[in-house]
Amino acid sequence: MRTLRLDVPDWTGHRAGQHLDVRLTAEDGYQASRSYSIASAPGEPPAITVERLDDGEVSPYLVDEVIVGDRFELRGPVGGYFVWEAVSGGPLLLVAGGSGIVPLMSMIRHRAAEGSTAPVRLLYSSRTVADVVYREELERRAAEEDGLEVFQTLTRERPDGWRGFARRVDDELLAEVAWPPTDAARVFVCGPTGFVESVSGGLVRLGHRPELVRTERFGATG
Amino acid sequence: MSARLDGNAVAGLLGELVGRELTLATGVCGSCGASAFVAELHVYLRAPGTVVRCPACEAVLSRIVEGRGRVWLDLSGLATLELTL
Numbered sequence: 001m002r003t004l005r006l007d008v009p010d011w012t013g014h015r016a017g018q019h020l021d022v023r024l025t026a027e028d029g030y031q032a033s034r035s036y037s038i039a040s041a042p043g044e045p046p047a048i049t050v051e052r053l054d055d056g057e058v059s060p061y062l063v064d065e066v067i068v069g070d071r072f073e074l075r076g077p078v079g080g081y082f083v084w085e086a087v088s089g090g091p092l093l094l095v096a097g098g099s100g101i102v103p104l105m106s107m108i109r110h111r112a113a114e115g116s117t118a119p120v121r122l123l124y125s126s127r128t129v130a131d132v133v134y135r136e137e138l139e140r141r142a143a144e145e146d147g148l149e150v151f152q153t154l155t156r157e158r159p160d161g162w163r164g165f166a167r168r169v170d171d172e173l174l175a176e177v178a179w180p181p182t183d184a185a186r187v188f189v190c191g192p193t194g195f196v197e198s199v200s201g202g203l204v205r206l207g208h209r210p211e212l213v214r215t216e217r218f219g220a221t222g
Numbered sequence: 001m002s003a004r005l006d007g008n009a010v011a012g013l014l015g016e017l018v019g020r021e022l023t024l025a026t027g028v029c030g031s032c033g034a035s036a037f038v039a040e041l042h043v044y045l046r047a048p049g050t051v052v053r054c055p056a057c058e059a060v061l062s063r064i065v066e067g068r069g070r071v072w073l074d075l076s077g078l079a080t081l082e083l084t085l
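Protein sequence lines, in the order shown, are assigned to chains A and B. In this text, residue positions in the first sequence follow the numbering used here: the first is 1, and each later residue adds one. In this text, residue positions in the second sequence follow the numbering used here: the first is 1, and each later residue adds one.
This is chain A alone, in the form it adopts within the complex (with noise of 0.2 Å):
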C-alpha cells in the first residue's frame, strides 16, 4: 500500500467517501484507467491509497515507481451515493473489507476536522496485522476523539496479545458491533464485492433498513 498526495491545479475539493479516476497513457497510446477512494478530508489536497496488485496496470506504477512531480491524468471527484458529511450527523456505522478502508478514512478524518461529535463506530476487518491501513492513526483517533469507536477483526492470523476480534464479519459480530436498529445508524459499507454482499445482507437481516445502507464495492481489477 502507498499514500499518494496529489498536487491538482483547481481541484474543485471533495467530499468524504468520493473517488477520482487515474488514468495512464502508454507510449503507444494505450490508456488504462482505474478508481481510487480519496482518502484526506474535505478541504485537504486529494490524496489516494493504492494497493499494489501484482498483475494490475496501473497500481504497480503508482505504487513502486511514481516519484515526487511526476504528472498523470486524473477525473474527479466522482460520486453522490458513497459519501458522509458532518452536517447530516449520526450514529454513524462504518464497516470495511480490506481497502475498502480509504474512503472511510476520510469520512473519520472529516469529522474530526469539523469537530463533530457524531457517534460513529468502525468495524475494519483485514487478514493481518501487517495489512491494517492506517494502524496507528485508528488506535491515536479511538483514544483521543470522543465518540469514535474502533473495532478491528484480523481472519487469517494475528499476533500475540491480539485483543480484537479473530474471525470473519459474519451476522454475530456485526450483531455484537453494530448500532440496535432503532437507533437508525447511516452504514456505509466499502469492501471486495462479497464482503459488501454478505454485510450489508447481515445488516438487513439484523433489521438494518436497506435505504440506510449505503455500499461500494471495489476489485482487483488494479
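Worth flagging that the hints you see were computed from the coordinates, not collected in a lab. C-beta atoms are modelled at their ideal positions from N, C-alpha and C, and glycine is treated no differently. Any given hint could turn out to be false.
Claimed, not checked - Have a look at the derived ranges for each label pair, beta carbon to beta carbon:
id	chain 1	residue 1	chain 2	residue 2	range
1	A	Gln31	B	Leu75	18 to 26 Å
2	B	Leu83	A	Val129	43 to 51 Å
3	B	Trp72	A	Arg163	48 to 56 Å
4	A	Gly29	B	Ser76	27 to 35 Å
5	A	Asp10	B	Thr84	19 to 27 Å
6	B	Leu75	A	Glu197	21 to 29 Å
7	A	Arg140	B	Gly67	42 to 50 Å
8	A	Ala184	B	Gly67	41 to 49 Å
What the hints assert, rightly or not - Covered stretches of chain B (in silico footprint by chain A; criterion: 3 or more residues with CB under 8 Å from a CB of chain A, positions within the stretch not fixed):
id	stretch
9	4-15
10	19-28
11	39-50
What the hints assert, rightly or not - Some chain B residues well away from chain A (every beta-carbon gap over 12 Å; in silico):
id	residue
12	Cys32
13	Gly33
14	Glu82
With chain A held as given, fit chain B onto it using these hints.
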C-alpha cells in the same frame, strides 16, 4: 461473477459523458421494472466493454464501449433514468 462491481465504478465515465453526477439518479429496468440508484446497479468491467445489469433480475441495462477516441453508450435496457433537477 467475481468481477462484479457496482455503479460507483462507472460514475466517473458517466459523469463525464452527461456532465453531472449520476450515482444518485434512479434507473428503472426495462425488463422487470425494478428501480435502483445508479450506484446500486451491477457493473462488469471485464466484459468486452462495460456491462451494467439490473440488481434485481440481471437484465442488461446498459453497455459502454470506449475506443479510438469515442464512446458508444447503449442504454436500451433502461426504461427510464430519473435525475433531480
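Verification of the supplied hints:
| no. | hint | in the structure |
| --- | --- | --- |
| 1 | A:Gln31 to B:Leu75: 18 to 26 Å | 23 Å, holds |
| 2 | B:Leu83 to A:Val129: 43 to 51 Å | 45 Å, holds |
| 3 | B:Trp72 to A:Arg163: 48 to 56 Å | 54 Å, holds |
| 4 | A:Gly29 to B:Ser76: 27 to 35 Å | 30 Å, holds |
| 5 | A:Asp10 to B:Thr84: 19 to 27 Å | 26 Å, holds |
| 6 | B:Leu75 to A:Glu197: 21 to 29 Å | 26 Å, holds |
| 7 | A:Arg140 to B:Gly67: 42 to 50 Å | 47 Å, holds |
| 8 | A:Ala184 to B:Gly67: 41 to 49 Å | 46 Å, holds |
| 9 | 4-15 | holds (count 10) |
| 10 | 19-28 | holds (count 3) |
| 11 | 39-50 | holds (count 4) |
| 12 | Cys32 | 18 Å, holds |
| 13 | Gly33 | 18 Å, holds |
| 14 | Glu82 | 14 Å, holds |
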